[in-house]
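Student: Chain residues, written in single-letter form:
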Amino acid sequence: TQLLEQSPQFLSIQEGENLTVYCNSSSVFSSLQWYRQEPGEGPVLLVTVVTGGEVKKLKRLTFQFGDARKDSSLHITAAQPGDTGLYLCAGADSGGGADGLTFGKGTHLIIQP
Amino acid sequence: GAGVSQSPSNKVTEKGKDVELRCDPISGHTALYWYRQSLGQGLEFLIYFQGNSAPDKSGLPSDRFSAERTGGSVSTLTIQRTQQEDSAVYLCASSFGRVPQYFGPGTRLTVL
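Here the protein sequences come in this chain order: W and C.
Take the first sequence: its position 82, counting from 1, is numbered 99 in the numbering used here, and each next residue is one higher.
Take the second sequence: its position 83, counting from 1, is numbered 88 in the numbering used here, and each next residue is one higher.
Note that these hints are calculated values from the structure, not bench results.
Treat each hint with caution, since some may be false.
Stated by the list, open to error - Below 27 Å or equal to it, Euclidean Cα-Cα: the simulated DSSO-like pairs (lysine-lysine) are: (1) W/K122 to C/K16; (2) C/K16 to C/K62; (3) C/K62 to W/K122; (4) W/K87 to W/K122.
The whole structure should be built from the sequences, with the hints applied where relevant.
Tutor: Below, the structure is given as structure tokens:
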């Protein structure tokens with residue numbers, strides 16, 4: 018069974034600060050997805066990374082896939098209250114099927130104005 | 006609508022009753038997924054439909070759970086003889102590929 022550990026579980030910081038959240042596993046993934054979920058809503062796909070060492074930027078968010086494709090990080094620069102939410106990572110195994118998508122438990126992020 | 010819709014948004018039922026949860030995916034999306042999200046847990050895969058292929062039911066936790074997708078569009082997840090441990094938010098998603106891209110708002114199921 019593949020497991021994805023996300024850290025920290027909870028993070029509360031002030032507006033304007035930078036932060037990094039992590040997604041780690043002992044398993045290799047063919048791709049890794051990051052989602053953001055707000056209360057009462059379903060997750061929203063932010064990015065997919067597929068190549069070891071890949072870095073993708075989405076405005077103030079920077080996503081990195083580890084060289085060995087076992088881990089990933091999400092860095093937010095100058096956090097805004099609108100960044101508040103539950104951030105979920107999900108790794109796809111080599112089979113690529115929906116049943117092979119393993120979700121972490123998420124990082125609850127609160128940005129205080 | 007432009008997004009994935011689910012109904013009802015909330016469902017309270019008594020232990021032992023059957024429930025049906027509905028998902029309307031984005032028009033044209035070939036793939037439809039059902040997940041379950043419990044408090045403090047990650048998303049748990051339930052079932053995956055892709056086009057006209059046989060669904061991947063490997064995530065269904067017991068034979069009390071079943072799902073169908075009619076005409077390649079609307080899907081219904083049925084839970085028979087509900088148990089308290091079935092209480093969770095049931096999420097539906099659709100996409101063109103093997104990764105769920107657009108999720109609905111979910112149905113919060115409470116079994117008393």
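Student: Does each hint fit the structure? Answer for all of them.
Tutor: Now the hints, each set against the structure:
1. Between W/K122 and C/K16, the direct Cα distance comes to roughly 24 Å. Compliance with the 27 Å bound is thereby established for this hinted pair.
2. Proximity of C/K16 to C/K62 is assessed by CA-CA distance (about 23 Å); at most 27 Å being required, the pair is judged to hold.
3. Only pairs whose Cα atoms come within 27 Å are accepted, and C/K62 paired with W/K122 is accepted, the gap being roughly 22 Å.
4. Pair hint W/K87 plus W/K122 holds up; C-alpha atoms about 16 Å apart against a cutoff of 27 Å.
Consistency with the previously given hints is maintained throughout, with no hint failing.
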